[in-house]
Structure formats: C-alpha cells, structure tokens
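Using the sequences and the hints given, assemble the complete structure.
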Amino acid sequence: MRNVGIIMRRELGSYFATPIAYIFIVIFLVLASWFTFYLGGFYERGQADLDPFFNFHPWLYLFLIPAISMRLWAEERKSGSIELLMTQPVTLGQAVLGKFFAAWLFAGIALALTFPLWITVNYLGSPDNGAILAAYIGSFLLAAGFLAIGSCMSALTRNQVVAFILAVVVCFVFLLAGYPMVIDAFHSWLPQAAVDAIASLSFLTHFNSIAKGVLDVRDLVYFAMLIAYFLIATSVVLEVRKAD
Amino acid sequence: MIKTEHLCKRYSALVAVDDVSFEVRPGEVLGFLGPNGAGKTTTMRMLAGFISPTSGRASICGHDVERDALAAKSCLGYLPEGAPAYGEMTVRRFLEFVADLRGLDGAKRVARLDYAIDRLQLSPVLEQSVETLSKGFRRRVGLAQAIMHDPPVMILDEPTDGLDPNQKHEVRTLINEMAREKIVVISTHILEEVDAVCNRAIIISRGRIVADDSPQGLAAKSRYHNAVSIRLERAEQLAAVRGALAALPSVAEVEVSDRESRLTALPRAGRPILSAVSELAARQGFALKELHLESGRLDEVFRTITA
Numbered sequence: 001m002r003n004v005g006i007i008m009r010r011e012l013g014s015y016f017a018t019p020i021a022y023i024f025i026v027i028f029l030v031l032a033s034w035f036t037f038y039l040g041g042f043y044e045r046g047q048a049d050l051d052p053f054f055n056f057h058p059w060l061y062l063f064l065i066p067a068i069s070m071r072l073w074a075e076e077r078k079s080g081s082i083e084l085l086m087t088q089p090v091t092l093g094q095a096v097l098g099k100f101f102a103a104w105l106f107a108g109i110a111l112a113l114t115f116p117l118w119i120t121v122n123y124l125g126s127p128d129n130g131a132i133l134a135a136y137i138g139s140f141l142l143a144a145g146f147l148a149i150g151s152c153m154s155a156l157t158r159n160q161v162v163a164f165i166l167a168v169v170v171c172f173v174f175l176l177a178g179y180p181m182v183i184d185a186f187h188s189w190l191p192q193a194a195v196d197a198i199a200s201l202s203f204l205t206h207f208n209s210i211a212k213g214v215l216d217v218r219d220l221v222y223f224a225m226l227i228a229y230f231l232i233a234t235s236v237v238l239e240v241r242k243a244d
Numbered sequence: 001m002i003k004t005e006h007l008c009k010r011y012s013a014l015v016a017v018d019d020v021s022f023e024v025r026p027g028e029v030l031g032f033l034g035p036n037g038a039g040k041t042t043t044m045r046m047l048a049g050f051i052s053p054t055s056g057r058a059s060i061c062g063h064d065v066e067r068d069a070l071a072a073k074s075c076l077g078y079l080p081e082g083a084p085a086y087g088e089m090t091v092r093r094f095l096e097f098v099a100d101l102r103g104l105d106g107a108k109r110v111a112r113l114d115y116a117i118d119r120l121q122l123s124p125v126l127e128q129s130v131e132t133l134s135k136g137f138r139r140r141v142g143l144a145q146a147i148m149h150d151p152p153v154m155i156l157d158e159p160t161d162g163l164d165p166n167q168k169h170e171v172r173t174l175i176n177e178m179a180r181e182k183i184v185v186i187s188t189h190i191l192e193e194v195d196a197v198c199n200r201a202i203i204i205s206r207g208r209i210v211a212d213d214s215p216q217g218l219a220a221k222s223r224y225h226n227a228v229s230i231r232l233e234r235a236e237q238l239a240a241v242r243g244a245l246a247a248l249p250s251v252a253e254v255e256v257s258d259r260e261s262r263l264t265a266l267p268r269a270g271r272p273i274l275s276a277v278s279e280l281a282a283r284q285g286f287a288l289k290e291l292h293l294e295s296g297r298l299d300e301v302f303r304t305i306t307a
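Chains L and A, in that order, are what the protein sequence lines are.
Residue 46 in our numbering sits at position 46 of the first sequence, with consecutive numbering throughout.
Residue 147 in our numbering sits at position 147 of the second sequence, with consecutive numbering throughout.
In case anyone wonders, no lab produced these hints; they're calculated from the structure.
Any given hint could be a false lead.
[Claimed, not checked] Distance condition first, Cα-Cα at most 30 Å in a straight line; then the derived DSS-like pairs of lysine-lysine: (1) A:K221 to L:K78; (2) A:K3 to A:K182; (3) A:K182 to A:K221; (4) A:K168 to A:K182; (5) A:K289 to A:K221; (6) A:K135 to L:K78; (7) A:K221 to A:K3; (8) L:K242 to A:K3; (9) A:K182 to A:K108; (10) A:K135 to A:K221; (11) L:K242 to L:K78; (12) A:K135 to L:K242.
Below is the structure:
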C-alpha cells in the first residue's frame, strides 16, 4: 500500500509539473459550464437542480478522460522509464493502481472545482442536495470507469495519440452499449442473451440511474467490476508488452 | 552472488539469449561485451527482473529473479540502458522518489540521498528538471539512483556511454571504489573500459557466451600477444629491418606500417621474442626510436571471436 501511495504522489505531481493539469482543468470547467448553461438550458428550465450539468458529463468525459489517461503507460514505455520503475522493488499491480489512483484523484480535483455551480443552484432555489451528492459520486465513478479503460488502452501502445483514439472508441462503445447503434451490430450474429448482456454493460444506463440520485448497489458493483476488470487487463497487457 | 543457469530468451523467431550460464562472486567486476544486438541488454534485463526468461533461471544473492522478484530487486542497483528517468521531475524529487520506493526513511533516507548526490556531484543541478540535463548529468542521475540503497549487487548497462573522457574517468573511479565490497556487472562495447575496471570479461555473440576470461587472459588469445613493435629513426632502413626480423626463427610474421616507419613482429605460438628482437637490433645497429612489447589487442580478439 505504501508503494501505491508513493507512485500515486509522483504521478499526480507530474501532472502539475507540466501545463497539462492547468489546461485540462480550465477546459473542463469551461466546457462543463458551457454545456450546462447553453445546451442544458440551466436558467430556462426554471428548476433548482443540476441535471443539465450532470447529463453532459458522459459526453464531456468521452474526450477529456482519454486525454488524462493516454499518457499513463504510453509515455512510460516511450521514454523507457517503465524499466526504471519496474526494476524498483514494486509489483506491477502496485504500479497500475498507483497510476490509476493519481489519474482518478486528478479527475476528482477537476470535478470538485465545479462547486460554484452547486453554490449557484443553492442560491437560486432549494435543490435536493442529497441527489446532487449522489450525482457527483456517479460522475466520479464514471470518470474512474473511463480512466480504467484508458489505462488499458495506454498500456497497449507507446504512442499517446493512438492511446487517446483507442480509449475514445472503446469508451464510446461502452457508453452506448444499450443503444441501437451498438446493439444492432451484434443482433444478427449473437444470441439474445448475449446481446442483453452487452446492453447491460452500458455506462449511460448505470450512470443515469445514479445521476437521478439513486445509489443502487447494482450500479456501484457494475462500476467496481468494470474498473477492476480493466485494471487487471492493464497489468496483463503490461506484463506481456512492457519491454517491447 | 549472481547466478544464471541455462538462461534463454526467445522472441518468436529470434533467439536473443541462448543458454547463458555464469556465476559472479563478490569482488568480481564483470564486463559484459559483445556486438550490438548480441543479447547483453536482454540478459541484464532478465537479471533485473524487467523481462522474464523463456527458460532457465537466474538469482541475485540467492533470490530467484522470478519467484522471489521483490527480494532480488531489493539486492540490486540497476542502471537501465540509456539511463531513463522521469523528465519533468527535478533531480532532487526524482532521487527522493527512488529513496521512497527503496523503503528508506528518517535519518537513513537523508544520509543516503546526501551520499548519492555528493558521490555523483549532482548538487549543481538538484533543482533542474531531468529533461534539461546534459547526457553526462543524466547518466550520473541514473547512477545515483542505482546506488541509492547501497545494494550488494550492481548491474550497469553501458554506464559510460555518451560521456566525455573526464566523466568516463569519474564513473570508472566510482566503479573501482564500489568493486571492493560489491559485485558489479557492466556492459560495454568500449574495450578500453574492460582493462580500466573489470577483472573478468564475458564476450557474448548471437546470444551465446563465446569467451569467459580475465582481460589479460583474453588479450593472450590475441595474435599480438607477446608481439614486439618497433619504430625506426630512418625510414630507409625499413626494408632491411623487415627482412632481418622475418628471418628470425621465432618470428611468424612482420607487419609494416609505412606511415610511421613502424614494424610489428608477431611471435610463433605466442612465445616471447623480445630478447631475440632486441639482440638483433643491437647486433645490426638499427636506430630505434621506440621498442615495446605488446600484451595483446582486445579489439582484435573481440573481432576474431564475434565475427
């Protein structure tokens, strides 16, 4: 656990040692507000809640989270620092977790910085703050799911641009797994049970139920399993390809 | 102690390391030589636990590098090829990160950090980010990282590559000092380095060990071993001297370099010919500018063995 912490602190420090962190946070906050006020019609709706804010998170994350995750392993492999890291007395699992937590914490910092919206909506009316908290948790979990996928895609390649594109595509498939554009691709050749299973993997269904303020155990388990699955996949990929 | 038994590494069609077995004991400084692509780095990476052998075993201080990986890594200071580091970190932060991963804390951490920084003379660049450093400083940061936890075994992949002569000298001094109480393995393709720091050399070619000997032993395999080379005052004597040398029964062959009026007499079967040549020179009155006995040329041995 100690090593996970050391690796996480180093990784998080490296975000802030370069302009990446500041650029990301500014873009995230600008886009989140823009979606909320213009596309979401925050004022026009006349309701004191943050639905127009959270509804756009999956789409915002689709492009912004892969931008955080793309460097996780691709950069280590490109610069060769992975050899330095993996010859220290740390396990691969500790390294994968440490880096993942750093990225997640970073996404969490960006998310927490949207607090002025929460203050605004409380100033304008009396929203259900419990539901807002649940939605923040859902959004934070969604970010973790995207990051776990991005971590795995980043381990697959030494090229950050390739890692970014792969992550966007895979995240997109998971996002829309329950919708016709993905389901139709499977209908013709998979049994109904398999198609239903794929449909139940959709990020959107699980996120939407949390975003409505319902913290269902099934949704939490879904995110936990998805994150665990992709982090294990990251380790497996790295074990095979770290020296390539 | 380092021990490898029948170590192999295959990449689909390519056999990178083929049945490599050796042992290194305390007090030994082993030079790992070989042409580029011979398998030096692959072997070192397997020892360092970065890649797994396809078959065979390796252990560091009795810890198997695969089954007991963390213990093996704890005994080892490793400088990867090219001395990679985290470019955006400052030298100080980077070394602190390594000290933390090595489990150092409290006064020990401060003392080891101070020692490594002082030993590699890194204080002028401590607050600079690693990516802004010169090649020499980067290599020194890599070495500082490797000695951080005072490991009993050091494996250094091309520690002096890209350094200027002064820096090379410093690194060799450091290796010689460490060699007293540690096992050191270095890979290099600079042959003078073997003479400067190693007391044992393994030459590896196409993944196989083709020679394992002391540097002197390797040099003795050279056809220049015990050869005598002379330089003449007057170039016009060259042809006459050459004829006289070639006529000596113990001389196998005479090589001539016209540019410097230099002649090299190669002995038959490596037997000493110095006295015969010097007697001849005195008897016939050759005007010599220089006369010296060669111990053997490592580069020639290297080329013969690995060609």
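Comparing the hints with the structure gives:
no.: 1; hint: A:K221 to L:K78; in the structure: violated (42 Å)
no.: 2; hint: A:K3 to A:K182; in the structure: holds (15 Å)
no.: 3; hint: A:K182 to A:K221; in the structure: holds (29 Å)
no.: 4; hint: A:K168 to A:K182; in the structure: holds (20 Å)
no.: 5; hint: A:K289 to A:K221; in the structure: holds (28 Å)
no.: 6; hint: A:K135 to L:K78; in the structure: holds (18 Å)
no.: 7; hint: A:K221 to A:K3; in the structure: holds (26 Å)
no.: 8; hint: L:K242 to A:K3; in the structure: holds (24 Å)
no.: 9; hint: A:K182 to A:K108; in the structure: holds (20 Å)
no.: 10; hint: A:K135 to A:K221; in the structure: violated (36 Å)
no.: 11; hint: L:K242 to L:K78; in the structure: holds (10 Å)
no.: 12; hint: A:K135 to L:K242; in the structure: holds (24 Å)
In the structure shown, a violation is registered for the earlier hints numbered 1, 10, in ascending order.
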